[in-house]
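S.K.: Spelled out from the first residue to the last, the chains are:
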Amino acid sequence: MNEKYYVCTGCALLCDDIEIECDGYRISGVNSACRKGVARMKGCQDPLACSISGQKADIDAAIKEAAEILTNADNPLIFGLGNSTIEAQKKAIEVARRVHAYIDDTSSFCQGPVIEAILNGQIRSCTLDEVRHQADVIIYWGADPANSHPRHLSKYSYFPRGKERQRGWEEDRTAIAIDVRHSDTAEICKDHFYQIPPQADRELIDALTSALSGKVPKVSFGMESKKILELASILKKAQFGTIFVGLGLVYSLSDMEPLIKLMDKLNEVSNFHLVPMVGQYNMRGADQPMFNETGYINRVHFDTDPTGADVTRHGPECSAVELLRSGEVDAALVIGSDPMGSLPRSIAEHLLHIPVINIDPCKTQTSRNAAVTIPCALGGVESGGSAIRMDGVQVELPVILKSDRLSDMEIFDRILEVL
Amino acid sequence: MTGAMEIYQLLPKTNCKECGRSTCMAFAAALLSRDAVVDDCPILKEEKYRDNYENLTKIVSPVGNASETGMIVHEELCTGCGNCVVACPVNVAEDPYGAGAGKTPTNDKVILRVEDGIVRISNVEDCRRFGENKILCSGCIVTCPTKAIEFI
Amino acid sequence: MGFGKFLSIPEYDITIVTHRDIFQNTALESSRFAEEYEKLSAVINIDRQDMEKFGITDNDPVVVRNNFGKIIVLAQGSGYEEPHPGVAYMLNSPWSNALVSNETGGSGVPSFKSIKAVISKAKDEPVTTFRP
Chain A
1 MNEKYYVCTG CALLCDDIEI ECDGYRISGV NSACRKGVAR MKGCQDPLAC
51 SISGQKADID AAIKEAAEIL TNADNPLIFG LGNSTIEAQK KAIEVARRVH
101 AYIDDTSSFC QGPVIEAILN GQIRSCTLDE VRHQADVIIY WGADPANSHP
151 RHLSKYSYFP RGKERQRGWE EDRTAIAIDV RHSDTAEICK DHFYQIPPQA
201 DRELIDALTS ALSGKVPKVS FGMESKKILE LASILKKAQF GTIFVGLGLV
251 YSLSDMEPLI KLMDKLNEVS NFHLVPMVGQ YNMRGADQPM FNETGYINRV
301 HFDTDPTGAD VTRHGPECSA VELLRSGEVD AALVIGSDPM GSLPRSIAEH
351 LLHIPVINID PCKTQTSRNA AVTIPCALGG VESGGSAIRM DGVQVELPVI
401 LKSDRLSDME IFDRILEVL
Chain B
1 MTGAMEIYQL LPKTNCKECG RSTCMAFAAA LLSRDAVVDD CPILKEEKYR
51 DNYENLTKIV SPVGNASETG MIVHEELCTG CGNCVVACPV NVAEDPYGAG
101 AGKTPTNDKV ILRVEDGIVR ISNVEDCRRF GENKILCSGC IVTCPTKAIE
151 FI
Chain C
1 MGFGKFLSIP EYDITIVTHR DIFQNTALES SRFAEEYEKL SAVINIDRQD
51 MEKFGITDND PVVVRNNFGK IIVLAQGSGY EEPHPGVAYM LNSPWSNALV
101 SNETGGSGVP SFKSIKAVIS KAKDEPVTTF RP
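Heads up: the sequence lines are chains A, B and C, in that order.
Position 180 of the first sequence, counting from 1, maps to 180 under the working numbering, and the rest follow consecutively.
Position 97 of the second sequence, counting from 1, maps to 97 under the working numbering, and the rest follow consecutively.
Position 37 of the third sequence, counting from 1, maps to 37 under the working numbering, and the rest follow consecutively.
Isolated chain A (complex conformation) (with noise of 0.2 Å):
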């Protein structure tokens, strides 16, 4: 069959078995890639012009226009970076050192505060490889990877088989889901679905926590005893557990000490690991370098003190949304997100009262009111360079088609440059 493999970026699973069929300028055949992922790898319809307040502009002009905007503003802001290679993720930071700029990325207001605390060895994780060969019980905790992360049943979860799970997934493995609703996820996991009603996922945790310490759990909901200390034995029985958690946890706990005890408790019992279901497929990336030069994953300030000194700022008040609401910053470079569709409206539409630099190989809601409009090439595409998976593991994007578009990294260099 086809001797090279393409890498996806239509996700943080970063599917890396992909054919690609090529007839000379486009991709016309994209195989084992799942829906959304075609569609990624194919591009969009509408894509981005480089332009400045609106003017259609050569490349050098609008980098120059993004630059002075930087450097003029008091508070900048930089904000993205989940669709940015590594690669760009660091000359980024270097831009925000330079121009003294808050930095943030999507994980601030998605799955922060799990990978930051894997990253400080409060929660136990592992990789998807691992989970392949070894687990036998699964957990999908507000998450509907079906819709998601199509793949990551098929290719890790659930249906492969692995080294120590030979015999496929109705032997071998166990599907959980916790949910709000009947997800097409809690479809295929059948009779361990446990649903429960909106925020209610710290209830259920606690009371997973009281059962796995042999009390009787508790809820106030209608979730019997009985069915909590069902779903405790399997935890329990569990030789290699992972749970895998969505948007739906994180967003209705607010802090991750609930989980770290319920973890804790099940590495006392069991044997257990947990994995962010990561959107955009290289958030967790952007928060590893921060992490690494900063010590925090998101919401940076490279900020002067009174003498002049460089101080590093960090905390909610430096996110991109609390930044936004403040209306604290006065400009911001956004790459790679469109806070005007996916931010609420209400915090987002501070950027319509200040000047924008929007960098994306698309027009978005965010581009069409943005001051100066730089198109980069689609990352895994048309431009290479490395990205870190849902699970920490780093991959490697091989470019697929050449472009006359820069790189995301490219044009922080050239930012950089004229700075």
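Each hint should be verified, as a subset may be incorrect.
[Stated by the list, open to error] Cβ pair distances, simulated, as ranges:
1. A/Q239 - B/I135: 45 to 55 Å
2. C/K39 - B/V37: 38 to 48 Å
3. C/S8 - A/V399: 51 to 61 Å
[Claimed, not checked] Counterexamples of contact, computed for chain B against chain A with all Cβ distances above 12 Å:
4. S33
5. T57
6. K103
Please keep in mind that the hints were generated in silico from the structure rather than gathered at the bench.
Computed from a predicted model, the values in this text were never measured in an experiment.
Positions of the beta carbon are idealized from the N, C-alpha and C atoms, including for glycine.
Could you slot chains B and C onto chain A? The hints should help.
M.R.: Okay, now just chains B and C, sitting in the frame of chain A:
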């Protein structure tokens, strides 16, 4: 999955016998097993049944789409997740370290593979539901999150 | 009946839970300004009995609003066998985000997945669009 009752609800329920069946319910069952086609019912072509006619032609895919084993892929429902590719026992046997291990198939002997985001069928004669020693295998049906695979 | 015609259209409290859908995500990758993405996004899935109570049927336009925004989307029955009164589902999109609260308690994380709003039958108002 579409049932005979669901089809029956969309029929005129006149039991006119024009289709050659004794009742509309019998016609519904015939539609389900693809022994009849929607066009066999003349009343459905009347203007007031237009929506029903269109719905029926959608849910009862013509037999032309079915493979020799009676397998139909509803392409518009398929997400390309590959669950069936990995779960199919023939795929596992023919390609244990490719399809069976969750990866892209590495040979041409597999029955199911995902191309352009949608599952495609080949080598149907090897399907466990086919041939002399056929069994009622449902590996590809029960693993599908959107019920995109059907056997008729 | 009598006073009915003088009263405004009745409104009902609803909690909206947002989620993802691969077909809508695929449409987004192809074009976030195309009709397909709007068709899949500008929809609210409501409990069947609630729909009856609200006096709406499939594909009726409904106004969904709160202090943070207002959208017009099409109502559809949710298709779940288990009833879920008071809870409706929407796909994560600019439409759902128009209703998400700007209150975060300083945490930096908005409440994307649990939105309180009121719903009512729409009167001759077109479905909200985010197309240029």
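S.K.: Each hint: holds or not?
M.R.: Hints versus structure:
At about 31 Å, the CB distance of A/Q239 to B/I135 disagrees with the hint of 45 to 55 Å. A hinted range of 38 to 48 Å for the beta carbons of C/K39 and B/V37 is inconsistent with their spacing of about 30 Å. The hint said 51 to 61 Å for the Cβ distance between C/S8 and A/V399, and at roughly 59 Å that hint holds. Non-interface call for B/S33 relative to chain A: holds, since the shortest CB-CB distance, roughly 25 Å, exceeds 12 Å.
With a closest Cβ-Cβ approach of about 24 Å to chain A, B/T57 is found to remain outside the 12 Å limit, as its non-interface label requires. The claim that B/K103 is not at the interface with chain A is violated, since a C-beta of that chain comes within 12 Å of its own (minimum 5 Å).
The earlier numbered hints that this structure contradicts are 1, 2, 6.
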